[in-house]
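A.B. asks: Chains as they are written, first to last, in this note's numbering: chain A, 1 to 295; chain B, 1 to 355; chain C, 1 to 343.
Warning: the hint list may mix true and false statements.
Said to hold, decoys possible - Okay, the calculated bits of chain B under chain A, using three or more residues with CB under 8 Å as the criterion:
#1 23–37
#2 65–79
#3 104–118
Hints were generated in silico from the structure; no laboratory data involved.
Every residue gets a Cβ at the ideal spot worked out from N, C-alpha and C, and that includes glycine.
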Amino acid sequence: MRRQRLFLLGLLSPVTLYLGVFFFGPLAIIAVFSVLEPGLYGGVEWNFYHWNYGRIFGWADGVVEWYEPVYLKILFRSMLMAAFTVIACLILVYPVTFWVSRLPQRAQLFFMFLITLPFFTSLIIRLYAWLVILKPSGLINDVLLGIGLIETPLDMLFTRFAVVLGMVYVMIPFMFLPVYSSVERLDRTLIEASGDLGARGWQTFLKVILPQTLPGIAGGSVLVFIPSVGNFIIPDVLGGAKGLMIGNLVEQQFLDARNWPFGAALSMVIMAVVLTVMLIYATKIVRAGQRIGEV
Amino acid sequence: MQPILQIRDARRTYATPEGGTVNALDGVNLDVGANEFVTLLGPSGCGKTTLLRAIAGFEELDGGAIHLEGADMRGIPAFRRPVNTVFQSYALFSHMSVARNVAYSLEVAGVGKSERMQRAGEMLDLVGLSGMGARKPSQLSGGQRQRVALARSLIARPRILLLDEPLSALDRQLRQQMQVELKNLQDEVGVSFVFVTHDQEEALTMSDRIVVMKAGQIEQIGSPREIYRRPATRFVADFIGETNMVAVALTGDGKATTDGGLVLAVPSDSGTGRATAILRPSDLSLTAADCAPNGAIPGTIRQEIYLGSELHFLIDVGGSIWRVTARDDGRDYHTGMRVALTYDPANVHLMPEAV
Amino acid sequence: MLFTKIVATSLTAIGLLAGAAQAEELRLYNWGDYINPEILAKFTEETGIEVGLDTYSSNEEMLAKIQAGATGYDIVFPSIHMVDIMLNLNLLAKTDINQAADWGNIDTDFLRAANDPNGDYCMPYGWGTVGIFYNREKSGGDITSWEEFFAIPGKTGNKITLLDDMREVLGIGLMATGASVNSTDPAEIKAATDWLIERKGDVSAFTYAFPGLFLSGDVAAGQFFVGLAGAITEDDNLQYVIPSEGATMYEEAMCVLESAPNKEAARKFMEFMLRPEISVMNTNQQFNGSVNVPARAMLADAIMMDPNINVPAATMTRLQMFEDLGKALKAYDRAWNTIRTAE
C-alpha cells in the first residue's frame, strides 16, 4: 500500500512541480504583494496594507489612499471589449469551420497551417504591420484610391475600428481551433436525422448543430476572452492608447507608478472576476446546450 | 391494392475519385405495399443504401421517379416526406433526453409540450423503455438506443419506416431478439418497413419480400422462400445461403447430366437444354457408400466441420466440391470416407445457364 | 518602443549568456539607439577591450532589472532623477571621475543630481529636449506653442500625436497652465489634467510610433525627442520647435554600477568619452545637446545653426527637467488615468 502510494506520488510529482513552480508560486507572490505597502522606488515594504483593495472597492478614505470607481469601470470596459471580441471572432469563424471541415483532408491540413502561421511572427511586429497597412498613406488606402473607389483616404488608424480589427485578427486562431474540432467531429447523420424527422434547416441548426458544437464554442470563447481582457498592446498600438484597458493599468503600476502592490491587487481582482465569469459561463452554456431551441 | 411506394426506373450515378463513374442505381423498379416488410439485400456497394437514401430524400435521383402515396417526390426535401429513417448509428441527439429525442419530430412540428411528452411516453412503453425518458442516450445500452431510435422514427406515424442496417452494431444474441421484436412491432404499428441489410439471415427472418440487389440493379424480388428455394440467378443463389451449383444438360425425362457424366434426378417438368442445377446443402443427405440407393451421388469426405447440432461436410464429387449439411445423428464420419449423397428431386432447382 | 522593450529583454538574456566567456570586456546597459556605435568600435580599437551593449527603454525598466539582480553590466545611463534614486539604493559605485585629467571639459551646469553635486560618482553624458515636430504644410503654417499644436486638427483636419508617457503628457498640461512639471500641488495637477482633457479629442494617439507616421506625412505634428531632427535636415517642410510654454528636457549620466565586474575598463571608457573629439561624434550622430564645452565648437552645422537643438541660454530657461516625485507620483498616476479614461 505504502509503496503504491509512493509510486503514485512519484507519478504526480512532475505535474505538481510544474503547477507549483509556474502557477501557484507566482500566484502566491502576487497574492502576498497585493496586501503589502508599496516601496518608494518600486518593490514592497513588508507591512500589511489593505488600502490597495480599498482603492478599488471603496474603503480607501482619502487619507492614505483614494477610492476611485474608475478602476472597476475600466475592468468592466475591458471585459465588454473582450466579450465583443469573442462574439466577433465567433461570427467570423463559425461558418468558416463548416466550410473547412468539408474540404479534402490535405486542404484541411493546409488551412490549419495557414491559421497557425501568424504565430511564427512576433505580435508586436504584426501589429506595426497593421499600422502600416491602415495608415492614410497605407496599403488599403493606396489600393482604394488607386481603383478610384474613394477620393480621400479613409481614416482607419487610431480608431475603434482598428482596435476591433486588431483584436479579432489576433484572437481568431484561438477561436478557430476549438470550434473547428467540434464542428469536424459533428456527426453528419445527426443533421440528416433531424431533417428526416421533419426539422427545417433553421430548426436543425438551432436544435442540433448549435448544441452539438457548443463545447467548441465555449472552449473558444474562454480562450479568446481571457487574453482579451488583459490585452492592452492592441488598443495601444492600433487605437493610439486613448482608452485605458485594465492591462494598461497593471502595466502602468509596475513601469510608471512604481506601485507593485496596487498592480498586484488589480491583477488579483481581474483574476477573481474573470474566473467567476468564466465558471458561470461554462456551467450555464453546458445547461443551455441541453435546452437550446426547445419550445 | 395501390402500393404506398412506387419506384420507377430509378437511376443515380456517382463520380469516382479516379475520374470514372459508378451506377449506384441502374434502372430500379420496386413497389412496396401498405403494411409490408420489404428488405433490400445485397453486398456493400450494390446500391441498397443509395436507394433507401433516395426514398428518404437525402439523395436526388438522376433519372426515374419515386412516388409516395401517389405523390411525386422529386424536389421534395427530406423534412416534408412522410417517411422516417432509423440510422445504422441510430443518430440519437446526445444533448437531449431520451424523451426529447423521441418527441423530436413533434417538437419541430410545433406540438405542445405536454402532448409531446405524453406521446413520447407511450412510444417508450411500446418499445419497452417505460420510465427511461429522463435519461441521456449515453446512459443506455446499444439495444436500448436502438429502441429509442425506433420510437423516435415511429412517433410521427410515417407511412414508411426506412431502416438502414439498424441491427449491425448489436451482438448476435441481441440481434436475433431484435429481429423478432422488429417484426412484431411492425405488425403492431401497421407501417410499411423498408429494411436495408447485407445479412441474408436477417432478411430471411423478417421480410415479407426480399429485394436482392447487385451493382445498382435488382436481381430478384420475392418472398424469403422464393428467394431461397428458387433463386433467379447464380448471384442470388450464392448470396442467399450456401449452395451447390452445377451445370447440367437436361434430357427431358426428369434427368440431367453434369459435364462430369453424373446423372441427377430433377423435377419431371424440367424440359430440355442446358441449365444450372441448384441443391441446398441441407437438402442433401449423407449415407455410407455401401448402402447407397440407386441414383445417389458418390463422393469422398474431404472435410468435416462440427457445429454442435449440425455437421458441415465438404464432399469431393468427381473432382468438384459439394457442401452438405446434416444433423448429428451419432454416426461416425471421417475424412477420406467414401459416402453417397441422396436428395429429393423436387428440391433440385433449375435455372437458365446464362444467368 | 514596446518593440525595443522586447528586443532589449531578449538581448539582455543573450548578452548575459555570452558575457561570461569573454576575458577583457566592458558591458554597457544603455537606452536603445543612445550611443554612436562608431565610438564603441574606436574604443575597442584603441584599448583592445571588447564592448557589449544591451538596451532598455525606460529608467524604471533598467532599475527593475538591476534591482532584480541582473549582473554583468559595468556602465548604465540613468536619467538625473534616477541617479538620485540609484544612489539612495546604493546601486552605484564611486568613481572619482571628477579627478580625471579632462574633467574640465564638462559643463558643470549639467551636474544636476542632488546626491552627486560634484561628479564623484557619475559623469554627465548627454541631454535633449522633448518638443514638437511639425509638417509646415499639413499644420497650416509654423507652430510655436503647445496651444497652436493642439489647434492643428481643428484647423486642418490632420492628425497630431503625443508620447505614450505619463509624465511627458502631464508635463505639457503643467507647462501650458504655468506650473512646474514637478508640481505636487493638487490644484495645479487638476488644472493641467483639465487642460489636457479639453484637448484630448484632438489627439489621434499616444504613441512612440510617431517618426514613421510623421515622415510618411500621415501625421501632421507630434511630441517627440529631439534626436528625430537628424532625420529631417534635408526637408525644409519638416521642423522641430521648442514651444513657447516650454518643453521638458532630459539628461542622462554615465554611472558605474556597484556590481560592475570591470570597474577599471568602465573608468577608461568614461575618460575616453571626456575627449571632445569623441564626445562630438556622439552629439553629431544623436542630434542632441552636448555636455562637453570644447566639443560644442566642433558640432556639425545642422546642429550648430539650429537654435531649437543647439539651444541658446534664453531658451534654456523654458526647459524643465523631471525630478523624482516620491509619493506624489500617485497623484500623477491618478491624473493620467483620468485623462486616458476621459471620453
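A.B. asks: Failing hints, ascending?
C.D. replies: 1
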